[in-house]
Structure formats: structure tokens, C-alpha cells
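> On the provided structure of chain A, position chains B, C, D and E as indicated by the hints.
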Amino acid sequence: MEVIGVIDTMFAIVNMGEFAREELKTCPGYGEKFEIVSETVPGFKDLAVGAKKLIEERKAKIVIALGMPGKESIDQVCAHEASQGIMLAQLLTSTHILEVFVHQNESNDPKEFLQICEQRAKKHARNAYWLLYDKDQLKNRAGMGIRQGFGDVGPLKV
Amino acid sequence: MEVIGVIDTMFAIVNMGEFAREELKTCPGYGEKFEIVSETVPGFKDLAVGAKKLIEERKAKIVIALGMPGKESIDQVCAHEASQGIMLAQLLTSTHILEVFVHQNESNDPKEFLQICEQRAKKHARNAYWLLYDKDQLKNRAGMGIRQGFGDVGPLKV
Amino acid sequence: MEVIGVIDTMFAIVNMGEFAREELKTCPGYGEKFEIVSETVPGFKDLAVGAKKLIEERKAKIVIALGMPGKESIDQVCAHEASQGIMLAQLLTSTHILEVFVHQNESNDPKEFLQICEQRAKKHARNAYWLLYDKDQLKNRAGMGIRQGFGDVGPLKV
Amino acid sequence: MEVIGVIDTMFAIVNMGEFAREELKTCPGYGEKFEIVSETVPGFKDLAVGAKKLIEERKAKIVIALGMPGKESIDQVCAHEASQGIMLAQLLTSTHILEVFVHQNESNDPKEFLQICEQRAKKHARNAYWLLYDKDQLKNRAGMGIRQGFGDVGPLKV
Amino acid sequence: MEVIGVIDTMFAIVNMGEFAREELKTCPGYGEKFEIVSETVPGFKDLAVGAKKLIEERKAKIVIALGMPGKESIDQVCAHEASQGIMLAQLLTSTHILEVFVHQNESNDPKEFLQICEQRAKKHARNAYWLLYDKDQLKNRAGMGIRQGFGDVGPLKV
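Chains as they are written, first to last, in our numbering: chain A, 9 to 166; chain B, 9 to 166; chain C, 9 to 166; chain D, 9 to 166; chain E, 9 to 166.
So that you can see chain A by itself, here it is in the shape it has in the complex (with noise of 0.2 Å):
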């Protein structure tokens, strides 16, 4: 059975993981064609090297990374730092990792917040999917102004 992989942190405040794994359950083939590997890393610049290590211990064949960098400035460094590790442990291993953050300053309704966290792990999990098993899905969708947390935006009209 091939993987998914799926890695979060214990610094988000919510368990974007969870919102992951529920969506990848209800895409054809769960638990027959693929499975889901889990692993919690204390942070998100911890992310990278814990992702590169599912894909090489654990076989994943694509992996969806979720980090949720604080309101500081100094968390926007941070997260630009944990951005170009996942960048660059996709190009040492010539996999996807779907980098999935939301910043804490998106919303400051609680809420609303939470939605935003699920509805893009879930986008993403959906992603994570059509790149492995449905290319076709997304191909039909080029220059749509497809968003993940916030409604699409659309094609431009012109």
C-alpha cells in the first residue's frame, strides 16, 4: 500500500492534521491503494527534516506539512526559514510536500480561524491526493484562481 504522509506541529493551536487525515479518508482507495502515516514535530521549522524522513524511512509518496506561524515578526523569519526547508527537501527527494500554514494573524475570530484551518488542510489533503492518483483534477483547473482557506477567486475577467 503506498503512503501519505501527514506532519504537524505541537505549536499550532489547533490539530490541523486531524482536518488532513479526515479529508484523505473520503478520497477513493483509503486504506486500499493508500494509507496515512502520522508524525508531531515540536515546531514548524521542524517540519522539513521530519517530512524528508517520511518520504525516506517511511516510503511516504507524498507528504502534507501543516504549521501555523505566530503573530511576531520574528515568527515571519520563521517561517520563511521553515518555507525554504520544505523547499528544499522536496527538490533533495523529487517529492511533493504540500506546505500548509496558517498564520495566527489570518483571523481574530476564533471561528472564523478554525475554518480557515480546515478548510485548507482539507483543500490541501485533496491536493496531496489528485498529485498522486488524479492529475486531471487539477490540470482542468490551470488559472482558475484556486484558493485553499478562503473561497476560490475565479479566472480573470476580462
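Quick caveat, the hints were computed from the structure, so don't treat them as lab data.
It cannot be assumed that every hint is accurate.
[Claimed, not checked] Okay, derived cross-link-like pairs now, DSS-like style, lysine-lysine, Cα gap no bigger than 30 Å in a straight line:
| id | chain 1 | residue 1 | chain 2 | residue 2 |
| --- | --- | --- | --- | --- |
| 1 | A | 147 | A | 67 |
| 2 | C | 79 | E | 119 |
| 3 | A | 69 | C | 79 |
| 4 | B | 165 | D | 67 |
| 5 | B | 41 | B | 67 |
In this text the structure is predicted, and so the values were computed from the model without any measurement.
This is chains B, C, D and E only, laid out in the frame that chain A set:
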């Protein structure tokens, strides 16, 4: 037959990959000397590893990577990360990946914006063709102030 | 016996490595399952390669890298470079290196500052232990707003 | 015969590569000990991989990479990315690639601007020659405040 | 005999490499256990690959890389790129390269500026020696607020 890769995103609000393909189909040897292999990924931070996979798994000799950074300041950081990834993917594969980014703030006029997308995608598709099959076209334009998406600046007048 | 690496700097004004070792010595299996190998380097930009050498030459399974950026703006740039190096060292070795940085401007009160150093170093030493020998401790805290150096934030309340 | 690579861009508004070649042709051993191989790429973000290919595929012992960042703030970000790429290309090949960038905002006077281009390209072409064939020239100038494109600053006077 | 590499630039306005060599010559084992191999490159962005070549081609066990960023804001960006390169060179070779940068704006008084250069170069030359042959000197100073170029800060007083 050799392969030219075209990779674009669902995030963009214009189907930039289609413009690149249109141009490539007008190049000498299309369908005989080279064919096009296309991919679509969720967002522009997924382009780098996607392009690397086109090179490694689909034997692309060159890749045109098309993305569209949003208007927010966080989008500029992401664009920087996406660009660094594309740079690294090139260096790890010793293969050109032409980065074709149109920033959403380059024009507020939808018609002009669409034109920038079309021109930049087509010009870089032509550049990709030249890099593979007709390098003298590039050499003859060294230092000539050539642009993509807007008109050429031309060489310095002293 | 497996090795946990601890690396710190002469630049720091607190002996952070000692706090990390204190915590590791209270972990189950210390001296039986794992031992500690320590190094000290001049400054935090020397941590990355030092940690990599602990992994390669001393067979460390995980490393705790402790540093202390100064208060000047140039120190922030250096901290960024040091962090990128630690990120890269992790990815080149597929081994976790926990970055434990206390910025000198986190508190002006010496007692509080010392406490931050102690708590952050000890919490991350514990995290290192968990990553090696008790991953469920991490999984059970996914999305729980766990912090090091200050009190936990806790999960989002909706 | 050994190869010195010269790579420049269509984007630049001055033919900087030609200045580099002019200088190299005046160096001892031109056409006997070494020859010049030239490439032109679309923009300066294409220089890094182009230089790496000159080293790997054309066996260049050293490369002179000439580019011209534009005046906009986005151009500064791109220049940074281009420079990081050239740095990485050097480290992956253990070969010097001399980055010769003239920023379009270095002078508003076309004549002076052209002179900067010429001087910087020629001085770095000479540096490339020295790095390959006459290292004492460099050693004798250690700490002497040598510049390219503007006059030398000279050593500190105490 | 083992090799310690010293690499500096023509750009600097002080011969920093000479200070480093002076210090190394006072270290136990000079000329018996270790010798010095020196290189000079044009500017500080050439130090990284130059240091890597000293390690690979001249078998240097450690390198001292000395550079001097200018006063302009563009120089700060270049210094950042140079530092990232030195970081990467270390990680690709698993060898320490001590970055010894004196920024031209650290002092406007030529005598003080020269003193900073001398002290920083010599202290780091000593650090290089300790890293190779006497690691306890470093361990005994962990968390002691050691500086190079200015006086030591000393450990936190609580």
C-alpha cells in the same frame, strides 16, 4: 522525440500554460523534433519540485514554469521562496527552467494584464526553444535590452 | 549506546548546553540507552557544521543546538543565516537538529532571561528525547499550543 | 586548450560580454593556453545554470557571468536570487564564477554608465585570468582596496 | 603536515589575512603539526568557493575566511550572500570555515578600525587552532560571552 515541459498553477487567474503551448506549437520541429509535456500544480511554491520531476521522470530538456504571485506582502515572500526553489531545481538538474511570473499588481486593467500574461508566456516559450535549438538567436541579442511582457527597452544610447 | 549531541557557543552569556544536559540526564535510559556528546563552537554561525560533524563523525542520532543572537540588527541577519545553516544541516543528514535560540532582547531582567534560557533548553532537550524514543508524547500534543521558554499557549478556544 | 566561459544576457542594455572577451584576448596565452566559450541567456536569473552548464558540458575552468539588474525594487529581489544561484553554482562545481553585475541605477549618465560596464567587465575578466594562471597578482593586492568599475579605494591610511 | 587555510580579498582595505597568519605562527605545532596555505580572491563573494577549493584541493582541515563589507546598503545584501555561501561551503565539506568579517562602518576612527581587524582576525585564528587541536579551550568558555574584535562581554550576572 525531445520533451519541453510546461508547468503552471491552479492559483493563477489566467491560463498561462496555454499561451506557452500556443507559442511552442508555432516553433520549427514541433511534433517532430520535440513534444510538450504539461503539468498543473496547486500554487507557485509547488512549481520547483514539479519542474524537477518533469526533468527527471519525463526527461524534459527544458521547462517553462508559469506562476502568478498575489498582491499581498506575504505573497512577495512566497514568490521569493518559489523563485529560490526554481533556481535550486535548475542547479540540481543542470537544466534551464524559465521562470515566468506575472505579479497580480503589474496592472489593474484586466485587458492589459491578460496581454502581459500572453506576451511574457509566449516570449519565454520562444526563449526556451532558442536555448534548446537556436542559441544564435540569443547571442545576437546580447545586451539589447530585451524584455518579456512589455516592449523591449533596447540597447543603451550614448 | 546511542548518542545525543549537544552543541553550544562561547558567544552566549549563559551556559545553555549545561541546562540541556541536566534535562537529558533525567530522561529514562540515560547512560544505558543513550549518552551525551558535547561540543562548543565560537558563535552560532558555527553551530550548523558543528552539528553536522556530531552526526557524521560522532554518530549522533539527534542534536540540540543552542545559540544566543545579540541585540543589534546585524545580529538578526546572522541569526537568520545560522538558522538556514541548521536547516540545511538537517536536510543533508536527514537528522533532527533542534534549534534552541534565546535572543538577548527577549528580556531585560537577568533572572527572567536566565529562566527563559533554562526552560527553553530543557524543554527542547526533552523534545529531542521524545523524537528519538517516545514519539507518542509529541503526537498527543499536536495542535496544543506548546511553547518552550514561556508557558504553553494552549489550544484555540472556540 | 583550457576554456574560460563568458555568459551574459539579452536583458542588459550594454553588451558586457564583449568587453570581457576584449580583455581576455589581451591576456598572455589567449588562443594557445586558453580559449573563450560564450553563451547568452534571457535574463540574469538564467546565468547560474548557464554557467554551471559551461563548466560541466564545455569544461570551462572559470566563468565570467555578466548581468544588469533593473531599477525597480523587485529587480533587487531578483538580483539577490540571481546572486544566490551563482553562489550555489560555484559551490556545486567547486569552480569560480565571477559575478559581474552593473545595477542600472549606478549612474544616470549614459557615458559614465557605459564606462562602469566596460571597466567592471574588463577588471573581472583580468581577475578570472589571474585566478587561473597568475595567483600572485591577487595575493600581492590583498587588503589593497581594489575595486572594479570605479577607481580603487586603496588601503586604509592610519 | 596538516593544513590551515587562510583566504582574504583584494577588496578589503586592511591585510586581514596577515594578522591571521601572525597568530597562527604563535600557536603550538606551527611548522611541525600544521602549515598555512593562503589564497586571495577579488571580493568576499568569492571567499566561499575559494575556501571550498582550499579544503578539497589543498586538503585544508579548517579555513579562516576574511572579508570586509562596504558601507552601502547593497554591501549588506552582498555580505548576506557571501555569508550564506560560506555556510553552504562548510556544510558541503563538513569542515569549519570561520567567517571573519569586519564591516567598514564598525568604526570611523582608522586606528580603532585597524585594531578591530587585528583583534578579530587573531582571535578567530586562535579559535581555528582550538577547533582543530584543543577543543577544551572552547568548552571551558561555553556561555562566557566571548567576543572577537571587541572586548568580551562576559557571562550573565544574576
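> Which of the numbered hints are not met once you compare them with the structure shown?
3 and 4
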